[in-house]
Amino acid sequence: MRNSRRTLIAAIAAVGALTSVAACGGGAQSASSGSGKAGGTYTFWDPYPQFDASSAWGKLVTKCGTDAGAKIKRTGMDTTDLGNKALLAAQQGNAPDVMLVDNPVVSTLVEAGILNKTSDLGLDTKSVRKNILGAGEIDGASYGVPIGANTLALYYNKKVLTAAHVDPASIKDWASLTAALKKVKAAGKKGITFSAINTEEGSFQFLPWFWGAGGDLTKLDSAKGVAALSLWKQWVDAGYAPKDVLQNTQTTSWQEFATGDYAFSENGTWQLGNAEKAGFGYGVISIPGHSGGSAPVPTGGEFVTVPVQKDTARYDVSKKIVTCLTNSANLLATDTTLAYVAPTATVQAEQVKANPKLKPWVDAVAAARGRTSGGLGTKYPTISQPMWTAVQAALSGSKSPQDALDAAQAAAGKGKN
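All residue numbers for the sequence shown refer to my numbering, where the first residue is 1 and numbers rise by one.
Just so you know, these hints were derived from the structure itself, not from any lab. Take these hints with a grain of salt, some might be off.
[Unchecked claim] 30 Å max Cα-Cα, derived DSBU-like pairs, lysine-lysine:
hint : residue 1 : residue 2
1    : K320      : K130
2    : K185      : K130
3    : K243      : K182
4    : K399      : K182
Hey, can you work out the whole structure from these sequences and the hints?
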């Protein structure tokens with residue numbers, strides 16, 4: 001594992017290519033070190049600038065520090081900003097003691113040599129669901145404890161589907177979904193909205209269809225990948241999806257669905273609160289695979305990690321802070337606040353008991369996979385960017401789906417060299 005200046009610079013570029021799919025923007029300050037004993041100040045960075053010290057999350061972080069016998073200096077910032085600042089702080093020898101990072105960034109930070117293995121710290125991850133933990137594993141070793149997971153499914157407008165005589169239970173595969181969109185358009189309403197923007201959000205939203213066709217991220221230009229991109233192009237060309245998907249973020253895509261004019265929205269767990277406020281009846285179904293069944297969806301969410309410190313005596317308190325933040329007693333409240341699915345089966349069951357509407361999301365997370373899983377690790381950004389570029393080219397009509405993915409595969413191959 002390398003930790004040289006060159007590796008850090010490359011890692012910074014990789015983190016910059018990965019934008020958060022659900023976090024808000026914010027500022028940051030540099031880390032500061034205190035004593036490696038209880039009673040000192042421990043720095044903590046997270047991607048939740050929307051939560052101040054008076055929020056439930058802010059209070060929990062403070063309490064976990066107090067319980068560990070330390071004072072926590074917390075900084076919330078945008079996900080991409082956090083990753084870049086973490087790499088620079090490590091280069092300067094003042095990384096934060098504990099850091100909450102977006103799961104695809106974990107492998108980049110590991111490649112740069114700045115995260116500790118959970119096994120070396122004595123952190124227990126046995127109760128965490130394997131597919132959720134897998135997003136933070138490299139070469140069989142885990143480098144963080146997930147605080148929760150989010151993913152994608154299809155929200156639907158009950159009134160729009162009823163008017164179009166579409167039963168959501170009849171949607172089992174791509175053909176039945178496309179047939180439903182055709183009926184909705186014929187009934188005078190709009191079909192489906194999603195995000196195909198030229199950022200990580202676009203890749204995140206395309207992955208269920210790519211994986212649902214049986215696509216392999218190391219072979220972007222396979223017939224299966226082309227089938228997925230052709231599906232999206234078919235929808236845009238037929239008017240089942242709006243042309244502005246090319247500019248839509250997941251937030252603006254949701255705003256379109258919230259008008260009440262659309263039958264479906266591909267969006268995430270984090271929109272549940274907004275769905276309740278939409279003013280119309282809604283439901284949630286899994287994204288269908290090409291020939292049936294639920295398509296694999298990408299795992300979103302963050303991992304609590306412990307960066308490498310020169311003063312290894314600090315790890316004992318850092319471990320206590322991580323354990324506090326991720327124990328079952330605190331996960332339920334935290335994941336409810338964040339609209340996340342808990343990473344453990346026990347807390348997931350508690351969530352569904354408290355809110356039955358979470359059941360489809362728990363099922364979706366159970367079938368989810370990490371974007372960097374399967375040995376991709378830091379190769380993922382060099383694949384994702386060409387992929388979202390291909391989506392843009394095909395949907396805008398500048399290239400055919402096959403030509404767009406041929407170019408994407410060529411670019412991804414160069415990126416891995």
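Open item on the list: Tell me the numbers of any earlier hints that the structure contravenes, in ascending order.
Closed with: 2
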